[in-house]
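J.: Just so you know, the sequences run in chain order Z and W. Going by the numbering used here, the first sequence opens with residue 1, and the numbers climb by one from there. Going by the numbering used here, the second sequence opens with residue 1, and the numbers climb by one from there.
Check the hints yourself; a few may be wrong.
As the list claims (entries may be wrong) - Using C-beta positions, here's what the derived DEER-type ranges look like:
| # | chain 1 | residue 1 | chain 2 | residue 2 | range |
| --- | --- | --- | --- | --- | --- |
| 1 | Z | I247 | W | K175 | 47 to 55 Å |
| 2 | W | E25 | Z | I126 | 45 to 53 Å |
| 3 | Z | L12 | W | P163 | 35 to 43 Å |
| 4 | Z | L12 | W | D72 | 22 to 30 Å |
| 5 | W | M172 | Z | H102 | 18 to 26 Å |
| 6 | Z | P263 | W | P28 | 23 to 31 Å |
| 7 | W | D72 | Z | L130 | 48 to 56 Å |
| 8 | Z | V197 | W | E171 | 21 to 29 Å |
| 9 | W | A83 | Z | F243 | 39 to 47 Å |
| 10 | Z | P263 | W | E266 | 54 to 62 Å |
| 11 | Z | I247 | W | K129 | 32 to 40 Å |
| 12 | W | Q148 | Z | T115 | 23 to 31 Å |
| 13 | W | L73 | Z | I156 | 58 to 66 Å |
| 14 | Z | W22 | W | K175 | 44 to 52 Å |
What the hints assert, rightly or not - Lysine to aspartate or glutamate pairs mimicking EDC-like chemistry, simulated, CA-CA at most 16 Å apart:
| # | chain 1 | residue 1 | chain 2 | residue 2 |
| --- | --- | --- | --- | --- |
| 15 | W | K127 | Z | D101 |
| 16 | Z | K5 | W | E97 |
| 17 | W | K54 | Z | D261 |
| 18 | W | K195 | W | E216 |
| 19 | W | K242 | W | E255 |
| 20 | W | K65 | W | E25 |
| 21 | W | K14 | Z | D261 |
| 22 | W | K12 | Z | E3 |
| 23 | Z | K116 | Z | E228 |
| 24 | W | K129 | Z | D101 |
| 25 | W | K106 | Z | E3 |
| 26 | Z | K116 | W | D72 |
| 27 | Z | K16 | W | E97 |
Read the hints as simulated data drawn from the structure, not as lab findings. Think of the CB as a built atom: it goes at the ideal place given N, C-alpha and C, for glycine as much as any other residue.
Spelled out from the first residue to the last, the chains are:
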Amino acid sequence: MNELKRAFLSELLKLKHLSILWITFIAFALVPIMGGVIMFLIQNPELIPKSSILSIKISMVSAPINLVSYLSLYLSQGAGVVGIIVFGFVASYLFGREYSDHTYRDLLSLPISRTKILKAKYLIYIIWCLGLVISDLIIGLIIGKMLNLSGWEYRIIFETIKIYFVTSLLTIALGTWISFFALWGKGYLSPIGFLVVIVMLAQFIPYLGWGHYFPWSIPGIYCGAAGEGLKNRLNEWSYLSLFFTCILGYLLTISWWKYADQP
Amino acid sequence: MKTIEAYNLTKKFKDLIAVNNISLEVEPGEIYAFVGLNGAGKTTTIRMLLGMIKPTQGTVLLFGKNIRKNFDLWNEVGYLVEATYSYPNLTVKENLEVYWHLRRLKDKKLIDNIIERLGLLNYQNIKAKHLSLGNLQRLGLAKVLMHQPKLLLLDEPMNGLDPAGIIEIREMLKKLSRNDTTIFISSHILSELAKLATKISIIHKGKLIKELKFDELERQVIKRLIIETPDNSKAIEFLKNKNIPSNINEKNMIEVYDSKVINRPETICEWLVSTGLTPRTLYVFEEDLEAFFIRTIKTDEV
Numbered sequence: 001m002n003e004l005k006r007a008f009l010s011e012l013l014k015l016k017h018l019s020i021l022w023i024t025f026i027a028f029a030l031v032p033i034m035g036g037v038i039m040f041l042i043q044n045p046e047l048i049p050k051s052s053i054l055s056i057k058i059s060m061v062s063a064p065i066n067l068v069s070y071l072s073l074y075l076s077q078g079a080g081v082v083g084i085i086v087f088g089f090v091a092s093y094l095f096g097r098e099y100s101d102h103t104y105r106d107l108l109s110l111p112i113s114r115t116k117i118l119k120a121k122y123l124i125y126i127i128w129c130l131g132l133v134i135s136d137l138i139i140g141l142i143i144g145k146m147l148n149l150s151g152w153e154y155r156i157i158f159e160t161i162k163i164y165f166v167t168s169l170l171t172i173a174l175g176t177w178i179s180f181f182a183l184w185g186k187g188y189l190s191p192i193g194f195l196v197v198i199v200m201l202a203q204f205i206p207y208l209g210w211g212h213y214f215p216w217s218i219p220g221i222y223c224g225a226a227g228e229g230l231k232n233r234l235n236e237w238s239y240l241s242l243f244f245t246c247i248l249g250y251l252l253t254i255s256w257w258k259y260a261d262q263p
Numbered sequence: 001m002k003t004i005e006a007y008n009l010t011k012k013f014k015d016l017i018a019v020n021n022i023s024l025e026v027e028p029g030e031i032y033a034f035v036g037l038n039g040a041g042k043t044t045t046i047r048m049l050l051g052m053i054k055p056t057q058g059t060v061l062l063f064g065k066n067i068r069k070n071f072d073l074w075n076e077v078g079y080l081v082e083a084t085y086s087y088p089n090l091t092v093k094e095n096l097e098v099y100w101h102l103r104r105l106k107d108k109k110l111i112d113n114i115i116e117r118l119g120l121l122n123y124q125n126i127k128a129k130h131l132s133l134g135n136l137q138r139l140g141l142a143k144v145l146m147h148q149p150k151l152l153l154l155d156e157p158m159n160g161l162d163p164a165g166i167i168e169i170r171e172m173l174k175k176l177s178r179n180d181t182t183i184f185i186s187s188h189i190l191s192e193l194a195k196l197a198t199k200i201s202i203i204h205k206g207k208l209i210k211e212l213k214f215d216e217l218e219r220q221v222i223k224r225l226i227i228e229t230p231d232n233s234k235a236i237e238f239l240k241n242k243n244i245p246s247n248i249n250e251k252n253m254i255e256v257y258d259s260k261v262i263n264r265p266e267t268i269c270e271w272l273v274s275t276g277l278t279p280r281t282l283y284v285f286e287e288d289l290e291a292f293f294i295r296t297i298k299t300d301e302v
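Pulled out of the complex, with its shape left as it was, chain Z reads as follows (with noise of 0.2 Å):
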């Protein structure tokens, strides 16, 4: 326990002073912001021009406006789909950044295991992007007040908050992934290729009817962006395969820096 400790204390003094991770606060708040501006809109109409293709769909959201459709429609999509990409650039940033600051052979000889170094970078990361995840909860509810959004049930909107929890810690599940490519390509290259890749698949593969078994595509079917029809769909084999995947690439990931030649 005391290994993972110091090693837990190590990777924390490595965030200090670092401008990414504020940044990536800012980029996952943009969208309770752009949502709140929408939801703005949708109340203030005739502060948009006509023909204005904002104006064209805002009139294609049919979702009833109050806190209840914001916070599912920009917390939990947000986080089951942008989440994907935020959450796997901190992944690549956190594993990816000793091979990009060539300090990855000072943490191969030590009294430390290897094993408990990467478990320390997972500790950060959850941590990291439980942070961003309620963050982003706090936007929201403040610009919920702001808006003055009507449902402010306690019963509802902990259902609502319970669904954006689950939809965000299957998404961070999926950075072992992430991990995996980071020290496999050393660096953050690989990482954010197999990113926008993966990004690229989670949008297409639900339309072949295959999306409640890919389980890059779960998250974003369970917080209901893909539909309600979607998210009837997903089963018990939908989460298990989530579940194998995401421990598959933590072995990998373990295996890895623990086997390979580190040249």
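Chain W: place on chain Z using the hints.
T.: Same frame as chain Z, now just chain W:
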């Protein structure tokens, strides 16, 4: 117990044999210089000694323990492999704190002590990205020495240091060695290694072609007596009559190879003066480590 034991180390990268059946032993307190051209296999060997690269064949023991079998003595080892790098966003002190945690050290004073010892006091709050190459190298050495290891594996530790810094590090390494720290060092500054090493090994094309203690090196280097007189042809004739083999080199100076004469140059000087061939120049030339190294690898290629 030997500090380093490596037996039959071989590393193949597909068709390339980077290290070919190397065996070496390093005694406690020894300063072992590892010399070779670029691509000779120095860095690959050092990385195998540190467990960063798995040998295709062979075993590495540090302090008598196999590094691949639950090795738990990494805190007795300090290493610097090739160029030194640090976290650019962290200050000197914060960088050392990272390794203070990773080495599971308890005494925070170790950080301040090493900062002072390596002359980084004025830079301790400067971010690594703003440091000069020399100070980055000092920070790298601080990371290596902070936990007071018994074995140092240093790959090009003098890189980027100015002459004063090189002397400072050399003296520090000598002092550590006197206190029984074993040092395994590779450097391309052979003159520095010559001032430091107690044992030298030469690696060429992946093979260990020479390993010798420093006093053996003294015996193996070529020595010549160089003489210049007002009439070198007459002086050569004179030496021939005395049964001393000599010849004229490309700088038109006389070279004498006889070890008896080389060890007593004053005798030959007296003879030459007495025959009216008073030397203008007379000195003993001794092959340095650089020349010895080049000669050794050329001999190996032949």
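J.: State for each hint whether it applies.
T.: Hint check:
Distance hint check for I247 (chain Z) and K175 (chain W): the Cβ-Cβ separation is about 51 Å, which falls inside the suggested range of 47 to 55 Å. For the hinted restraint 45 to 53 Å between E25 (chain W) and I126 (chain Z), the CB-CB distance of approximately 47 Å keeps it satisfied. The hinted window of 35 to 43 Å between L12 (chain Z) and P163 (chain W) holds, with their beta carbons roughly 40 Å apart. A hinted range of 22 to 30 Å for the beta carbons of L12 (chain Z) and D72 (chain W) is consistent with their spacing of about 25 Å.
The given range of 18 to 26 Å is respected by M172 (chain W) and H102 (chain Z), whose C-beta atoms sit roughly 24 Å from each other. Distance hint for P263 (chain Z) and P28 (chain W): a CB-CB separation of about 29 Å, consistent with the stated range 23 to 31 Å. A hinted range of 48 to 56 Å for the beta carbons of D72 (chain W) and L130 (chain Z) is inconsistent with their spacing of about 34 Å. Range check, V197 (chain Z) to E171 (chain W): Cβ separation about 55 Å, and the 21 to 29 Å hint is violated.
Between A83 (chain W) and F243 (chain Z) the C-beta distance comes to about 42 Å, which sits within the given range of 39 to 47 Å. Range check, P263 (chain Z) to E266 (chain W): Cβ separation about 55 Å, and the 54 to 62 Å hint holds. The hinted range of 32 to 40 Å is satisfied by I247 (chain Z) and K129 (chain W), whose Cβ atoms lie roughly 37 Å apart. Remark: the range hint 23 to 31 Å for Q148 (chain W) to T115 (chain Z) is upheld by a beta-carbon distance near 26 Å.
About 60 Å separates the C-beta atoms of L73 (chain W) and I156 (chain Z), a value consistent with the hinted range of 58 to 66 Å. A C-beta distance of roughly 45 Å is found between W22 (chain Z) and K175 (chain W), which places it inside the suggested range of 44 to 52 Å. Between K127 (chain W) and D101 (chain Z) the alpha-carbon distance is near 14 Å, which keeps this suggested pair within the 16 Å criterion. Distance check on the hinted pair: K5 (chain Z) and E97 (chain W) sit about 14 Å apart at the alpha-carbon level, within 16 Å; holds.
Of the pairs offered as hints, the one joining K54 (chain W) and D261 (chain Z) holds, with about 6 Å between alpha carbons and a cut-off of 16 Å not exceeded. Restraint check for K195 (chain W) and E216 (chain W): the C-alpha separation of about 15 Å stays at or below 16 Å, so the hint holds. Annotation: proposed proximity of K242 (chain W) to E255 (chain W) holds, straight-line Cα distance about 15 Å (limit 16 Å). Proposed proximity of K65 (chain W) and E25 (chain W) is supported: the alpha carbons are some 13 Å apart, at most 16 Å.
In summary, the hint linking K14 (chain W) to D261 (chain Z) is supported, as the alpha carbons are separated by about 13 Å, within the 16 Å threshold. The straight-line distance between the Cα atoms of K12 (chain W) and E3 (chain Z) is roughly 34 Å, outside the 16 Å bound, and the hint therefore fails. A hinted pair counts as satisfied when its Cα atoms are at most 16 Å apart, and K116 (chain Z) with E228 (chain Z) does not qualify at roughly 41 Å. Among the hinted pairs, K129 (chain W) with D101 (chain Z) is consistent with the structure: their alpha-carbon atoms are about 10 Å apart, no more than 16 Å.
For the proposed pair K106 (chain W) and E3 (chain Z), the alpha carbon gap of about 13 Å is at most 16 Å, so the pair holds. With a C-alpha separation of about 14 Å, the suggested pairing of K116 (chain Z) with D72 (chain W) holds against the 16 Å cut-off. With a CA separation close to 12 Å, the supplied pair K16 (chain Z) and E97 (chain W) stays within the 16 Å bound.
When each numbered hint is compared with the structure, violations occur for hints 7, 8, 22 and 23.
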